[in-house]
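Asker: Using the sequences and the hints, build the whole thing.
Number of protein chains: 2
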Amino acid sequence: MMNYTLGKGNYTNWIVSEVEFSPDTLGKCESIMYLGNGYMGMRSTTEEPYLKETRNLFVSGTFNKFDEEEVTELPNLADITRLDIRVDGERFSLEFGETSEYVRQLNLKTAELTRSFTWTSPKGKALRFHFRRFVSLENLHLIGIKMDVESLTHPVAISFDSGINAQMSNSGSQHFHEGERRIFDKRFVQLIQTTIQSKIDIVMNTAHKVAVNGVEVNEPVMNMDRRKVWLSFDANLDPGDQLTMDKLTTVYTSRDKDFDHPEYDLSKLREHSLEDLRTSYEQGYEALFQAHQEAWSQKVWNAYNLEVNSKDNFDMLALRFAMYHLTIMTPAHDERMGIGAKALSGEGYKGHSFWDSEVFILPFFMYANPKVAKSLLKYRYLGLVGARKKAAENGYEGAMYPWEAAWPTDGEVTPVWGAVDIVTGKQTKIWSGFIEQHITADIANAVHQYYTITGDHEFMDQYGYEMIFDTAIFWASRLEWNEEKQEYHINQVVGPDEYKEHVDNNAFTNHMAHHNMQLAIHYADVLKEENPGRFAELNERLHLDTAYPKWQSKSEKLYLPQPREEDLVIPQDDTYLQLKEIDLTKYKNQEKVGSLFNEYNLEQVNQMQITKQADVVILQLLLEQAFSAEVKKANFDYYEPRTLHDSSLSLSSHAILANDLKEEELAYSLFKRACEIDLGPSKHSSDHGVHAASIGGIWMSAVLGFAGVRVLDGKLRINPNLPKHWDDMKFTIYWKGQPVNLTITQTSLTVKAENKETIVFETYGNTYECQDQIEINLNK
Amino acid sequence: MMNYTLGKGNYTNWIVSEVEFSPDTLGKCESIMYLGNGYMGMRSTTEEPYLKETRNLFVSGTFNKFDEEEVTELPNLADITRLDIRVDGERFSLEFGETSEYVRQLNLKTAELTRSFTWTSPKGKALRFHFRRFVSLENLHLIGIKMDVESLTHPVAISFDSGINAQMSNSGSQHFHEGERRIFDKRFVQLIQTTIQSKIDIVMNTAHKVAVNGVEVNEPVMNMDRRKVWLSFDANLDPGDQLTMDKLTTVYTSRDKDFDHPEYDLSKLREHSLEDLRTSYEQGYEALFQAHQEAWSQKVWNAYNLEVNSKDNFDMLALRFAMYHLTIMTPAHDERMGIGAKALSGEGYKGHSFWDSEVFILPFFMYANPKVAKSLLKYRYLGLVGARKKAAENGYEGAMYPWEAAWPTDGEVTPVWGAVDIVTGKQTKIWSGFIEQHITADIANAVHQYYTITGDHEFMDQYGYEMIFDTAIFWASRLEWNEEKQEYHINQVVGPDEYKEHVDNNAFTNHMAHHNMQLAIHYADVLKEENPGRFAELNERLHLDTAYPKWQSKSEKLYLPQPREEDLVIPQDDTYLQLKEIDLTKYKNQEKVGSLFNEYNLEQVNQMQITKQADVVILQLLLEQAFSAEVKKANFDYYEPRTLHDSSLSLSSHAILANDLKEEELAYSLFKRACEIDLGPSKHSSDHGVHAASIGGIWMSAVLGFAGVRVLDGKLRINPNLPKHWDDMKFTIYWKGQPVNLTITQTSLTVKAENKETIVFETYGNTYECQDQIEINLNK
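In order, the protein sequences belong to chains A and B.
For the first sequence, position 638 matches number 638 in this note's numbering, and the numbering has no gaps at all.
For the second sequence, position 227 matches number 227 in this note's numbering, and the numbering has no gaps at all.
Among the clues, some could well be false.
[Stated by the list, open to error] Sample of chain A residues at the chain B side, in silico, Cβ under 10 Å:
id, residue
1, GLU20
2, ASP24
3, SER169
4, SER171
5, SER173
6, PHE188
7, TRP417
8, VAL420
9, THR424
10, ASN598
Keep in mind the hints are simulated off the structure, nothing from the lab.
Remember, it's a predicted structure, so these values are computed and weren't measured experimentally.
Ideal Cβ placement from N, Cα and C applies to all residues, glycine included.
Answerer: Here it is as structure tokens:
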């Protein structure tokens, strides 16, 4: 049972908690309460094991391919969270005995996971357990785990096994060679794993401090088994006695920037990582935790500074939840790494980056933390290697970004086979890696947005221009001439709506491709003017002089699906509007996404007006100036009823557009539903990990949606339209590198330029210049 | 809680059973009740999952090496035993609710595993469960599983998932590529796995028949996930309703003889295996089980025909238990395969063959089923390839058999690193693969024994001579000349007692090496005489004319440790008798073998008079004519108190020797202890699998020990000396290819030559010729 507003005092609206233990819904808490710091992510699996648990520890960027038939993925590292606890010789488990005062909670403010309860063993002995855990934001390599056990009623013998267990796998695929295991000084346990294909070394070190009433217990028994090393501790507790265990762990890899160089030497990595543990061990759990908490205050909460006063506390919690997750999912420390679609919280989507990053997550960083946005776009810049490879493999020119991306040079890594096809009994083929091509334009557009918001010339010179040009070169080579219509088409694609495969002229794809080429024309003009040297250099490599006229002629003749005369509906593709319609009521009210596929296979769904997620609707958000409010409304009204929101990316887009269309009630309810994708009561939707894009969407719904912050024609526009439930809202964004504080109420907008540089923006049609602070009456 | 004599009526002394469910001792029943047929072995893991379970399915000979750093092993195949059962939506588990009338039993006679109980759910609904399972001896590729559930008290919703799960691994090492999964006709589920290094294809097919009161339930939901395919069934039961599920599975591999040829084609294997399932499915569970049971009667119980009337029923059960396991562990169908030290019952020892096969298991087959003995020796003949490779790698000539053997051509496959060294914190190095060399002589001696017992000239011509000669050639090259003593030594070895590493002149090794060369001399003489053509051929390949004089001169000058004058004790090696002694009481009474290593590391144990297992004692059994009764007694009395029996091979050897020495009480108690290695109360000793050699030793203790059946100087000798507890004993052995029935009482021996050919044998010093039947008064 989830309870979201347990926090009191300083922690009001900071606590995500579970107040009743349930072995059937372990996955949910493991995912949504997962801990991390962008370097690594660790599922919040309970210390004691349960059958349906999933234990995961991922380090960003450590991709490995199990074999030639699988795609590369983030491997599941050795586990250090499991404790096999025995009470009077019997396995401790909350499935036995009686549990009371149970609370498991994630404190978003301190990024700490705690769990406490009183447990009475089947033999009637009562014990009080308290667990704590953090993954440090101060030292990215550090994990702390703490257990306190007090005997309440009887003398009791307690024992537990704890160590490092590398028998883990990714659903059976083992990414690691069994490496060396070693116990130094009978205390410092070290285990090495090396990925079997990418040959990345992982070194983990762990050490325990186990005491009863502050007195350290006897030396543990040392054990090694295949891929495992562990210590066995035991102690006898009289009533009132307190057993404490502090377990500190460091995780290092040969992919860490400090070690990923030609002189790399495993023995140095081992020494360094062990030394870090020894030093941390000296400092002790509490001091390390304090430093971690301080880092969260400074780097996250004080920086983003977002507050919402809502009649429903859940809204503030959901926004904090979003910022917490946006922080821990993002490898801000290393531009060679992207964000996984399931963040670092589960095996789902294998740690791969999708368009989710650019369309649903980057907006947060572009506005709120541009340095990180830059790092994420540099990841795509490095990914040009893979994108060019993919283009060449497909017979195209330029850069064709992979639908799913892992290590930047990998190119396309989308798996080819998916779930069972209920008609044929075979696995369904996944076409996205071949024909879901809009991502290339999505990335180019993100570069444009980033530049518009930040004014980061340096980025454009070094990376951005090249990305926009080479993606436009791809599109120019991709277009297909239709002799009959005397125009260019883009045939045989999948748009954002993946329930329509092999369609011609998907509206989203065509418009975005067109936009991509238009951006290239625009920036070519700009660059030629502003930095002819760089232009010349890129021209030499990319042949811009040849490309430029093609962008012009081809984008001009590219067919762009337009609103139909009769009802202003833009055809999602050449055939969608002619497909048959079925009653979608039961699938709209489904408990688990994708319920449709228990009755139809994808081939059949392809033949019906059923949409997985926003397609035309998201187009109308990304290129909002291209469509009138009337057209937007017509398309929202047409497509939403046909959309199952089977993708977690869908609801927040609809929420923003609904708010734009002044459908405030609907917008707020869609925002709520978007928040509930991970935070809601659905028991299993987060089992394979949190929904990174949906989490970005929570923030977008609030800031781009309710606060109405957008970029239009290169200008900042702020059209606030808070939900009725919200009294006010404040947050900091960066505009052209300057922090700007916004405070919004139902009737006013206050803009404060923190650095006292002039900020120009538009609100409801009026342009304002603000050098210090300005308050605007919204007169709603 | 184990109960061994539950069987009644026809099944008296045929049943191994557990009468109380315990989640902490799952491993024991999984192992000792495992099912198999030599082609495959399947642990008897409960259908519903538990945390500490181990699910294993092994197919003989399908060795694979996970990577260059691991040794080849039998991979754990996809699982078909697990059923995820939900009652009213909640996980069914005997850890919850109330269980009564619980019995899990292995019926040795029918080779069927059953489990039944009444379970009352936490909500108070009572259900009666009955499970059955067999691995067919009639169709080696077939597995049958059956579940019956009756609702006793309330209407209840029952659902379960069942299919093929290839997320299994060997303690984390994944041996398989993820292969194709397919569901034919919404019923026949097929999953393919291919080993990643040896490229063996495994095809498994499964089909269900699920009915309520005989009426088949609705189509199940089909599911696929990574490495998994399964069906979800559900049904509603009213009180009295009976749900039945029959699940039939076929397992085929590209290593099967029928498919392991150059024209092999996976699609044909798939078709054939699926066709076998379809045919079996037509026949149905009951008919298939009947055929299986019939095969056990004919091929096993009626063939071996062993009966013991003991005051303790356990003795007969233990002997049946031994014959059951000797049958299912042995790949009698394929001479390219040997017997694993843990049979096919667990990951322990990786499916590798040790000297266990020749010294502790082959005697059973040589006497009771010579065809199978021949197949096992042919496995060693094929292994000459690997043995020659090993000799060459070590700078020796001839054939040096690997300490651990897998696929015959693999050569040495002993892993190099073992358990933790409590002093250094590193893994302990395992030296056996390098320097435990006696196995080469053990195999040569087994060939000699086989020939003596069977008179199988053909085998000798084709295989046996070559094995004996080439092993002798190895030994001649292995000996080291000691200038000072003017004799040959064998230095730096490990004998059977693995607690003494790097010793010089291990008595067992030196004597057996000498014996090996003597056998070669003898058989060279015989062959030259009897089959000069074959001799010439072998001479050309093995240069026997050069080897022969070396065997003579070297074996003559090989130092053979002799009884000391003062106490007749034969020094186990050059230093043993000078080592310090410690009080071994607590280790002798240990609950778990190897407890010594919680206090000492191997280096320290090396320096003390502590023996892991019979060393000089087993030498005195294998070469019994070489030592007088007096010497045997002196050595038994000296070494036994210093022996921890930390190897399961030890007790039966001691039992036989004790009986020879007329220490009948001791012999009987050692026999009991040998039986209890797997069948006894120890909770965890069988977790990693049964003890194949110890199981062979149970039979040896009875037939070679109490019945006194031996070969001495090429002659059959029968000196029975039954334990006081035994009234009589009968069994069939084969002598020179002829079946001979023996009946032994406390006072008589009756020998019956079944084929009426003359059998010559000796009993207590007198020679008898028996053509029909002879009864001898033992006059004890």
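Asker: Hint by hint, which ones does the structure fall short of?
Answerer: When the structure is compared with the hints, only number 1 turns out to be violated.
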